[in-house]
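Student: Listed below are the residues making up each chain.
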Amino acid sequence: MSTTTVSKKHAVPSAGTGGVTFLRVLNSEAIKFRTLMSTKLLLVLTFVAIVGIGLLSALVRWNFINQMVEVGRQGHKETVQQAVDSFPPGSGFSLYNLPNAGLNIGILVMGSLAVLFIASEYATGMIRSTMNAAPGRLSTFGAKAVVLVVVSYVLSVVAGVVTFLLASPMFANFSLDLGWNTDGVLYSVFTGGLYVSGVALIGLSLGTLLKNPAGGITVLVGIMFVLPFAGQFLSLAPGDFWKYVPQYLPSEAGGRFLSIGHVDGTLDPWAGGLVFLGYVILFMVPALIALKKRDV
Amino acid sequence: MIEATGLRKVYGAKTAVDGISFTVQPGKVTGFLGPNGAGKSTTMRMIMGLDRPTSGDVIVNGRHYSQHKAPLHQVGALLDAKAVHTSRSAYNHLRAMAATHGIPNSRVEEVIEMTGLTAVAKKKAGGFSLGMGQRLGIANALLGDPQTLILDEPVNGLDPEGVQWVRNLARYLASQGKTIFISSHLMSEMAQTADHLIVIGRGKIIADTTVDALIESQSRKRTLVRTSETTRLSELLARDGVRVEQNERETLEVYGVEPLRIAELALDNRVLVYELTPLTSSLEEAYFQLTKDEVEYHSHITGGPTAPGGPLDANPAGVGATPAATMEGIQS
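In the order they appear, the protein sequences are chains A and B.
Residue 1 is where the first sequence starts when you use the numbering used here, and the numbers rise one by one after that.
Residue 1 is where the second sequence starts when you use the numbering used here, and the numbers rise one by one after that.
Honestly, the hints are just simulated from the structure, not real lab data.
For every residue, glycine included, the Cβ atom is placed at its ideal position computed from N, Cα and C.
Heads up, none of these hints are tricks.
Straight-line Cα separation of at most 25 Å, SDA-like style, residue types lysine to any residue; simulated pairs:
hint	chain 1	residue 1	chain 2	residue 2
1	B	K123	A	L41
2	B	K124	B	T86
3	A	K40	A	S139
4	B	K122	A	L41
5	B	K123	A	P213
6	B	K82	A	A290
7	A	K293	B	S55
8	A	K211	B	T86
9	B	K69	A	L23
10	B	K221	B	Y255
11	B	K178	B	E113
12	B	K123	A	N27
13	B	K122	A	I31
14	A	K40	B	S87
15	B	K123	A	M37
16	B	K123	A	M131
Negatives, chain A to chain B, calculated, CB over 10 Å:
hint	residue
17	A83
18	N104
19	S168
20	F174
21	F190
22	G215
The following block holds chain A by itself, in its conformation from the complex (with noise of 0.2 Å):
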């Protein structure tokens, strides 16, 4: 701290020349990302979480096999096979789905983590930092969407292939024939993690929305785990017109997108995972156009 300090620096340019690329505001963000202690803790968590989860709601359905095997239902012992078909279909519960057992809490906690890594920024007046750095403002948001897409699909994978490991030698028992060549169990593991990747982007839309953390996960919530309630009443409401409403929440069609096979009365998978993407698009125009015009 002193004259000679400030002279001496001068005497080198040593900053460099380089300007902002796309690349480089993908690293900026990247250190950001991993530099808080707290994000790397949540991460380590969620991947416990997920596989316990998992493993929990897999004994859930261990169990209920079991009990159609072993007591069954009034009286009538079921065959396994009849005992895994009586799964409401497209409800999650399949076998095939068993990688996205406990893909809920991966939902919930990259959603908020997506929406705390703009709205933070926002909150601790770092965004004023980061738009000098990077005035385009929109290479921020992309840059701050790729590093969570890849981090919330590669966990969701990951998490879904040691849940699913851990998961099918309980059913062993039933001789069922589970293994990675089910029908929908390697489209399962990814397609959860497209799920939790979109979940992500709409997190953090809302954080940009928003600009405040606990607004942006209270709707975040809202919509993703509490509107599905709303759904469920609203198709026992009278006439048929309300029952088709639920499958287009956003959780419903997320939800869909991950299973195999047409239901009647509910999206098939590919139209439930457009709807899904409609929503990411529909949360990040408004997102990137508020970020865009808006002062900071």
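Position chain B relative to chain A; hints supplied.
Tutor: Here is chain B on its own, set in the frame of chain A:
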């Protein structure tokens, strides 16, 4: 070089900056001075492209800030010492900022050393004192070794050594031909640092001049004269149309005349004078004089300091009439 033309920013019903035009020249330290809420920070945010002007335009080094390919090399800004994520270390914060321009980590370590943050660089920025936060903000501004430096209240919370350091840094960088734009609400600070002053009050520019010229224009030069023959000397001076005030017995305040002239006049007329003291008002007084009608947030305890011996406030009703509702500020 910063060029603002007709720059205006309206928040709802409030005009924060009211169509100001100014130029900040390279090779000089330009002070941006004004009371709280005068529009300094808003203006700086508009320069940095954070706030969009309602009308008017401002360019830095020939372009809008956001149109520069390497903005951090063009302009470094300390807008808000708290523009840092509280849970990240100072080092990692700077590293993330530097990464956007591919600035090497060696430069990050350099600015940390320059700003005296070495000992706390690995600690969470949230635990920093106000002064440490300012140093981090300045380190952030210096990262890209920018051509133009914009510092909003940089000495807030700094210790005397830090204040001295900021002053030397600003002066040194200006001598290297860089453009330095520093805001402050403390005239005394600017008096020691700035070459040029832009004074703003209630969103309007009230003065755009050099430090010396500002004192010259705003301070009424006056001389304290002690003599036993106050009446006689008053009459003699009044003959030349000189304004004289008598505040105490045997004491005169003479306006706008050099002490030498007064002494000559007294000698010629054999009036005994036993004290002649030039009273230049300080820059601080000149500033109060300039901004007294432009202050947004008056304290309700006093009407604010007035320059001693000055004429009564031209518009005391205006001061008292400032409604308490305006206390709801837009920015600090």
